[in-house]
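In terms of my numbering, the sequence shown opens at residue 49 and continues consecutively.
Careful, some of the hints might be misleading.
Stated by the list, open to error - In silico SDA-like pairs for lysine to any residue, Cα to Cα no more than 20 Å straight-line:
| no. | residue 1 | residue 2 |
| --- | --- | --- |
| 1 | K90 | L117 |
| 2 | K118 | K61 |
| 3 | K61 | R77 |
| 4 | K90 | R116 |
| 5 | K90 | D69 |
| 6 | K90 | E122 |
| 7 | K61 | E93 |
| 8 | K100 | L71 |
| 9 | K141 | R77 |
| 10 | K96 | F108 |
| 11 | K96 | P75 |
| 12 | K100 | S51 |
| 13 | K118 | V68 |
| 14 | K94 | P107 |
| 15 | K96 | D110 |
| 16 | K118 | E92 |
| 17 | K141 | K61 |
| 18 | K118 | N80 |
| 19 | K141 | A124 |
Everything labelled a hint here was simulated from the structure, so no lab data went into it.
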Amino acid sequence: LYSRGMYYDAYCKESFSQEVDCLHSNPWREDNLSRFLYLMRKGEEKRKWILKDYKFDDPFADNFEEQRLKLFEEEAMELVNETYKIKGWAFQKDFQQGGDEDVSKNDDDKDG
49 LYSRGMYYDA YCKESFSQEV DCLHSNPWRE DNLSRFLYLM RKGEEKRKWI LKDYKFDDPF
109 ADNFEEQRLK LFEEEAMELV NETYKIKGWA FQKDFQQGGD EDVSKNDDDK DG
């Protein structure tokens, strides 16, 4: 059990170190925000699973504030929307649904 605990400790530290910066460099890009929200929710899910799997009590069972995370998500998406509008950026979903549009053209191209 000790070695398993040390494995999860090392895994969490490594994962956290690699992922904690997802909002650091470009905090208001939709993919970074989506990644952050996914990691928050998935991390809580995994934490609960590990404790349950090893039959440990969960002292923080009711401490994850999903409503607070949802509020953050809504407010952050408003900022993302405003930022994209100001910068003239398109959302990823627009490219996925765009179909026949040629998204490779740059408005700054002077050739055509």
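Verification of the hints:
1. K90 <-> L117: Holds, at about 13 Å.
2. K118 <-> K61: Violated: K118 and K61 sit about 25 Å apart, past 20 Å.
3. K61 <-> R77: Given pair K61, R77 is violated - Cα atoms ~25 Å apart, limit 20 Å.
4. K90 <-> R116: Given that 20 Å is the threshold and the Cα spacing comes to 16 Å, the pair holds.
5. K90 <-> D69: Status holds; Cα separation ~16 Å.
6. K90 <-> E122: Given pair K90, E122 holds - Cα atoms ~19 Å apart, limit 20 Å.
7. K61 <-> E93: Status holds; Cα separation ~17 Å.
8. K100 <-> L71: Roughly 30 Å separates the two Cα atoms, so the pair is violated.
9. K141 <-> R77: Holds, because 13 Å separates the two Cα atoms, which is no more than 20 Å.
10. K96 <-> F108: holds (9 Å)
11. K96 <-> P75: With Cα atoms ~28 Å apart, K96 and P75 exceed 20 Å; violated.
12. K100 <-> S51: holds (17 Å)
13. K118 <-> V68: holds (19 Å)
14. K94 <-> P107: Answer holds: K94 to P107 is near 15 Å, not above 20 Å.
15. K96 <-> D110: holds (11 Å)
16. K118 <-> E92: Holds, at about 14 Å.
17. K141 <-> K61: The hint is violated at about 33 Å.
18. K118 <-> N80: Holds. K118 to N80 sits at ~16 Å (cutoff 20 Å).
19. K141 <-> A124: With a Cα-Cα distance of about 17 Å, the restraint between K141 and A124 holds, given a limit of 20 Å.
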